[in-house]
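Engineer: Based on the provided sequences and hints, a complete structural model is requested.
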Amino acid sequence: MTLKNIKQLLWLAVAVVIIPFYPAAALAAPDARALLRDSESRHRTKTQQYSGDLTVVNKEGKVRKKGWNSYRQGYAGDSKNLIRFTDPPEVKGVGFLSLPRAGSDNPDQWLYLPSMKRERRIAPQDRDASFVGTDFNYEDMEEFDHEKYKVSLEGEETVEGHPCYVIKAIPLEKGSKSIYQKLTLYLRKDILYLVREDLYRKGESQPAKRLILSDIKNVEGHWIAARMEMTDLKKGSRTTVTLKQISFNRPQPASRFTLQNLTREGGD
Amino acid sequence: MRVFALLLFFLLVLPCAALAEGFSGYAELKGMAYSERSPGDPYAAGWGTVYGKWEERLAESQLTASLRAEWLTSPQTSPLVFDPADRKLRRPPLSIPELWLRVPLASSHDLELGRFQLGWGKTDGYSPADAFLPRDLTDPFADEKLPLWGVRASGQEENLRYQAVLVPVTTPWRIPPLGSRNAPIASGALPHGTVLREADDAPPLPGFAALRLLATHGDWDLGVWARTGVRPAPILRFTADPALQDGPVPVVTVTRRYPREHAAGVEVSRVAGPYVLRGELAALFSGDAELGDAVIATLSLERGFGDGTLLVTLAGNAIDPPVDPTLLFDRGTLPALIVAWNRTEEWGAWKAVWDCGLERGDGILKGEVAYNVTDTWKVTVGGDLPYGSRQGALGALHDARRLVAAVRRSW
Numbered sequence: 000m001t002l003k004n005i006k007q008l009l010w011l012a013v014a015v016v017i018i019p020f021y022p023a024a025a026l027a028a029p030d031a032r033a034l035l036r037d038s039e040s041r042h043r044t045k046t047q048q049y050s051g052d053l054t055v056v057n058k059e060g061k062v063r064k065k066g067w068n069s070y071r072q073g074y075a076g077d078s079k080n081l082i083r084f085t086d087p088p089e090v091k092g093v094g095f096l097s098l099p100r101a102g103s104d105n106p107d108q109w110l111y112l113p114s115m116k117r118e119r120r121i122a123p124q125d126r127d128a129s130f131v132g133t134d135f136n137y138e139d140m141e142e143f144d145h146e147k148y149k150v151s152l153e154g155e156e157t158v159e160g161h162p163c164y165v166i167k168a169i170p171l172e173k174g175s176k177s178i179y180q181k182l183t184l185y186l187r188k189d190i191l192y193l194v195r196e197d198l199y200r201k202g203e204s205q206p207a208k209r210l211i212l213s214d215i216k217n218v219e220g221h222w223i224a225a226r227m228e229m230t231d232l233k234k235g236s237r238t239t240v241t242l243k244q245i246s247f248n249r250p251q252p253a254s255r256f257t258l259q260n261l262t263r264e265g266g267d
Numbered sequence: 000m001r002v003f004a005l006l007l008f009f010l011l012v013l014p015c016a017a018l019a020e021g022f023s024g025y026a027e028l029k030g031m032a033y034s035e036r037s038p039g040d041p042y043a044a045g046w047g048t049v050y051g052k053w054e055e056r057l058a059e060s061q062l063t064a065s066l067r068a069e070w071l072t073s074p075q076t077s078p079l080v081f082d083p084a085d086r087k088l089r090r091p092p093l094s095i096p097e098l099w100l101r102v103p104l105a106s107s108h109d110l111e112l113g114r115f116q117l118g119w120g121k122t123d124g125y126s127p128a129d130a131f132l133p134r135d136l137t138d139p140f141a142d143e144k145l146p147l148w149g150v151r152a153s154g155q156e157e158n159l160r161y162q163a164v165l166v167p168v169t170t171p172w173r174i175p176p177l178g179s180r181n182a183p184i185a186s187g188a189l190p191h192g193t194v195l196r197e198a199d200d201a202p203p204l205p206g207f208a209a210l211r212l213l214a215t216h217g218d219w220d221l222g223v224w225a226r227t228g229v230r231p232a233p234i235l236r237f238t239a240d241p242a243l244q245d246g247p248v249p250v251v252t253v254t255r256r257y258p259r260e261h262a263a264g265v266e267v268s269r270v271a272g273p274y275v276l277r278g279e280l281a282a283l284f285s286g287d288a289e290l291g292d293a294v295i296a297t298l299s300l301e302r303g304f305g306d307g308t309l310l311v312t313l314a315g316n317a318i319d320p321p322v323d324p325t326l327l328f329d330r331g332t333l334p335a336l337i338v339a340w341n342r343t344e345e346w347g348a349w350k351a352v353w354d355c356g357l358e359r360g361d362g363i364l365k366g367e368v369a370y371n372v373t374d375t376w377k378v379t380v381g382g383d384l385p386y387g388s389r390q391g392a393l394g395a396l397h398d399a400r401r402l403v404a405a406v407r408r409s410w
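Taken in order, these protein sequences are the chains called G and V.
To convert, note that position 196 of the first sequence is 195 in numbering that gives the first Met the number 0; the numbers rise steadily by one, no gaps.
To convert, note that position 252 of the second sequence is 251 in numbering that gives the first Met the number 0; the numbers rise steadily by one, no gaps.
These are computed hints drawn from the structure, not numbers from a lab.
Do not rely on the hints blindly, as some may be mistaken.
What follows is a set of in silico ranges between Cβ atoms, one per label pair, in the way DEER data are often shown [stated by the list, open to error]: (1) V/D200 with G/Q244: 31 to 37 Å; (2) G/Q180 with V/A225: 53 to 59 Å; (3) G/A253 with V/W53: 28 to 34 Å; (4) V/D199 with G/S246: 40 to 46 Å.
Quantities reported herein were computed from a predicted structural model and do not represent experimental measurements.
Note that CB positions come from ideal geometry on N, CA and C, so glycine has one too.
Structural biologist: Structure representation (structure tokens):
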């Protein structure tokens, strides 16, 4: 037996040992990035509109509620948004318009206040700040963009009876202004829909907050969580967002996402 | 979701009037306690308001109407008279803040007819484009806009917008009774104890016409405007009729006149990182010897801090007016520095305002805390503290130092 033959035998032995495991490993560990990319692709819609309620329950059990109508055209970074508040009376009629801007991470944003009778352009807010006493902060409100995170598949778990992929997402260091050091995402395996998110603040080993997306239903062929609840695990308070009268891919008039429409009192 | 959060932030920071289809409104009871008792003004005053608003869609059109009923103890509400255009000296017990119909001319072009409020200008705190519009200073710390009877055409094509307004009837500024603690007029010009008798003279009929063009380009928002017509802020005329001087103190009759004024201005604002910078420049021309011309510039900076906003505005007039500027009302406080800071908390909101006259060193410190009992019940407490020289428009309100408490129920 020559040296060449010995090497061939060794490679064959290695192959015999490794090959049976390799396909199984590949099937059991899909790429986290591919999963998130697939998830985004599946749930992208041309337009979306709904009415919604926001309920804040503080640790003493005091409840505050607001209602609004939302219109969106496009998806994530290229979306146009118009929101008009309907309730309570103190904020009724206030409108918000957000338009994407080429070459910029920040969209152009305007606010219409009926008390001032004119629109105001507003600047991007601090991502670290909570808002109006709710359990969300501005970073929580941004649509999750997996490209800004280093992601890895951590395993699988069952959430509310649904098998889920568990994905760890760490904000990329380059230019990162995230207030979190880590997010743990729970992605339903059957529909690749986010159903839970644990948020770890920097320097903390336990999650500071937990977002639960529930009442997931199929509307006009699209999955959507009609209920989102953010709980501050330290304070014991929670904020719930409920969506109603949801519809997708309805043509939106071109004039809806304009400053002229934003300043139309009594309009959409 | 982010836009939703940003909107919520502003919603709770800035209380706004209700608006949408259906019926809405509020009832409010406000009490004021003053640090001093000035002649004719008690230590305490009450203010009750019931406001209802009805909104209806008529196909693509929009009809809005509102009615306000008020009861004031000091200064007292005027007798119940028919004054739909709000041209009387005092605040009426019943008024129509809004009554307008909007008809779409095209998809992004509207025609609005009726009685409505108008808001122009870029700079918050003080705006030369907005300052000429009629105000109700019955409560000098509230600075409430008066609605107008008029026609407005507005529209948008791409990034260009326009507003054309025709207001056929003057709605004059409403100022508090002269000589009262709430009158924003410097004291000392007249002998101590002078009795001021205000004549309920009729303001002129003609109003004004105005055009505003706006454009958005990247971070920049640009605008130009022009207007011509009757200026709604009065020029006061003081006359001493010898026939009335029958007591130990002089009696002075006060009448009002309303000169014509023409104005043009530019508006600029831009987003710069977390800041919004705004600026305005306006040239105002008048042939009136007492009003004179003006070149008013404003610069403001706004920044959001979490659930709050800090706003700093600097405003000034490059031309000294020919009369005491406090008599010109809309530009009486200039030059001025205005700093406003507000925040929303889990329980409600608070704000602090410092309005500082830069020429005479007078100013007003204002603080307010609002507690949201429920979504529809709100309790507010606060105070207004004018200080400094009484020769300034702000220091002249020294006797109006007060604590305020209010409870509001909305529906």
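Engineer: For every hint, state whether the structure bears it out.
Structural biologist: Evaluation of the provided hints:
no.	hint	in the structure
1	V/D200 with G/Q244: 31 to 37 Å	violated (56 Å)
2	G/Q180 with V/A225: 53 to 59 Å	holds (56 Å)
3	G/A253 with V/W53: 28 to 34 Å	holds (30 Å)
4	V/D199 with G/S246: 40 to 46 Å	violated (57 Å)
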